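So the sequence lines, in the order shown, correspond to chains A and B. Sequential numbering of the first sequence, starting at 1, is according to this note's numbering. Sequential numbering of the second sequence, starting at 239, is according to this note's numbering.
Worth flagging that the hints you see were computed from the coordinates, not collected in a lab. As the structure is a prediction and not an experimental result, all values here were calculated from the model. Ideal placement from N, C-alpha and C gives every residue a C-beta, glycine not left out. One should not assume that every hint holds.
[Claimed, not checked] To be clear about the criterion: a stretch of chain B counts as covered by chain A if any three or more of its residues have a C-beta under 8 Å from a C-beta of chain A, and this derived list gives those stretches:
no., stretch
1, 243-257
2, 268-276
3, 321-331
4, 341-350
5, 365-375
6, 381-390
7, 412-421
[Said to hold, decoys possible] Stretches of chain B that chain A covers, calculated by requiring three or more beta carbons in the stretch to come under 8 Å of a beta carbon on chain A:
no., stretch
8, 288-302
9, 309-317
One letter stands for each residue in the lines below.
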Amino acid sequence: MDTTRRGFLVAAGAAGHEASGATGHGQGHDHDHDHDHDHQVVPSDLTLRVKALESLLVDKGLVDRAALDALIDTYEHKVGPRNGARVVARAWVDADYKKRLLADATSAIAEFGFSGRQGEHMVAVENTPQVHNLVVCTLCSCYPWPVLGLPPIWYKSAPYRSRAVIDPRGVLREFGVDVPEEVEVRVWDSTAELRYLVLPERPAASEKLSEAELAVLVTRDAMVGVAKVTLPQQGSRP
Amino acid sequence: MNGVHDMGGMQGMGPIQYEKNEPVFHAPWEGRTLALNLAMVAWRKWNIDASRHQIELIPAADYLWMSYYEKWYARLVELLAKTGLVTRTELESGKVAPSSPKATPALTADGVPRMLANGTLASREIAEGPRFQLGQQVRARNIHPAGHTRLPRYARGKLGTIDRHQGAFVFPDTNAHFLGEKPQHVYSVRFAARELWGEQASPRDAVYIDMWDDYLEPA
Numbered sequence: 001m002d003t004t005r006r007g008f009l010v011a012a013g014a015a016g017h018e019a020s021g022a023t024g025h026g027q028g029h030d031h032d033h034d035h036d037h038d039h040q041v042v043p044s045d046l047t048l049r050v051k052a053l054e055s056l057l058v059d060k061g062l063v064d065r066a067a068l069d070a071l072i073d074t075y076e077h078k079v080g081p082r083n084g085a086r087v088v089a090r091a092w093v094d095a096d097y098k099k100r101l102l103a104d105a106t107s108a109i110a111e112f113g114f115s116g117r118q119g120e121h122m123v124a125v126e127n128t129p130q131v132h133n134l135v136v137c138t139l140c141s142c143y144p145w146p147v148l149g150l151p152p153i154w155y156k157s158a159p160y161r162s163r164a165v166i167d168p169r170g171v172l173r174e175f176g177v178d179v180p181e182e183v184e185v186r187v188w189d190s191t192a193e194l195r196y197l198v199l200p201e202r203p204a205a206s207e208k209l210s211e212a213e214l215a216v217l218v219t220r221d222a223m224v225g226v227a228k229v230t231l232p233q234q235g236s237r238p
Numbered sequence: 239m240n241g242v243h244d245m246g247g248m249q250g251m252g253p254i255q256y257e258k259n260e261p262v263f264h265a266p267w268e269g270r271t272l273a274l275n276l277a278m279v280a281w282r283k284w285n286i287d288a289s290r291h292q293i294e295l296i297p298a299a300d301y302l303w304m305s306y307y308e309k310w311y312a313r314l315v316e317l318l319a320k321t322g323l324v325t326r327t328e329l330e331s332g333k334v335a336p337s338s339p340k341a342t343p344a345l346t347a348d349g350v351p352r353m354l355a356n357g358t359l360a361s362r363e364i365a366e367g368p369r370f371q372l373g374q375q376v377r378a379r380n381i382h383p384a385g386h387t388r389l390p391r392y393a394r395g396k397l398g399t400i401d402r403h404q405g406a407f408v409f410p411d412t413n414a415h416f417l418g419e420k421p422q423h424v425y426s427v428r429f430a431a432r433e434l435w436g437e438q439a440s441p442r443d444a445v446y447i448d449m450w451d452d453y454l455e456p457a
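Construct the entire structure; sequences and hints are all you get.
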């Protein structure tokens, strides 16, 4: 089986050029150039190749374009870290909810209507003055989609995946989080179908904030464990 | 397999590159690629373990070089061909073979919310209770399967403690190769950072790894 990059790109790429009537490159060069992709170079003609594959699958009756649109719309607009932030804020203001969340995160999160794909089996881990939790997937890119949406590039990248387990404190320092020596760092490697959500520490002097105001402060990074939640005036990660 | 995907503990991968205000997709083709992968899952021709393994089969140099969704694209093309949903000739020509009957999509737009909200449960009810008790010391087996496994290399042969019973789950090592679900208990196992990495690690820190029964032996 030819799974080399060149092999499959030649195979599916031939289809791309043929099906889309492209006579050369140049199309699809309008993306990606302002980003640094972790030393990875994306061939510009992936635009054409994916388009060709989609056309082929639609022509064969295997996929429905409207379903693709609905899937993309879901992860671009409906599911993201705002979901997780609501869960965290609720846990901060409601001790019973927090107890349920730590005992059975899947059910507690489902109380908000967040469930399903890549969040079927949820575990919440609590940061305290004694313990700091950090989530990684060293083997691929496992991430709790229903509460955090799709993972950012850094989470899926080799630098994070390789180092989070061997040098979590160094990784955290890179994110601007200095964990004192006396605090235990727990790294959760998502090797099975359990998906982890970090329950960050509630920021000091936030007693007057409502649940909704607290939710605004909770970031994706804090729920992965690479940031702390801070009040706006304390400044946040640059 | 001892592939480059199993990168926990490797060094020299460079600094973490953080993108502020990162968009969900960096180009439309990334979203289309994600959606094509999810839509084709509805045909149930493969499972999540087979799907993960297909990405692991990308040769190491390519794996490190390719972007995330480029790997997803590669994975989909191979799975389509392997399962016969699409022939290699069709993939190469971009044209439907004249003999190919027109199918009806397994996933339609109105089915998307339900498909995502339900997800796919990997847990299973099994008769046997867990082999290991909470607090029990265990050793991760020193095995090197050539196929798919979720036992990371950095933990093999290391001593840990059973921290939590996660329930019984489909076993990826067989399921990825369509050799059956072989459901068994999964445990969250606590490994002291010093057990894994020696004196350079903090004496307080630990890595928790979810491990299937077959990955463990009594210590």
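Verification of the supplied hints:
no.	hint	result
1	243-257	holds (count 14)
2	268-276	holds (count 7)
3	321-331	holds (count 7)
4	341-350	holds (count 9)
5	365-375	violated (count 0)
6	381-390	holds (count 3)
7	412-421	violated (count 0)
8	288-302	holds (count 8)
9	309-317	holds (count 5)
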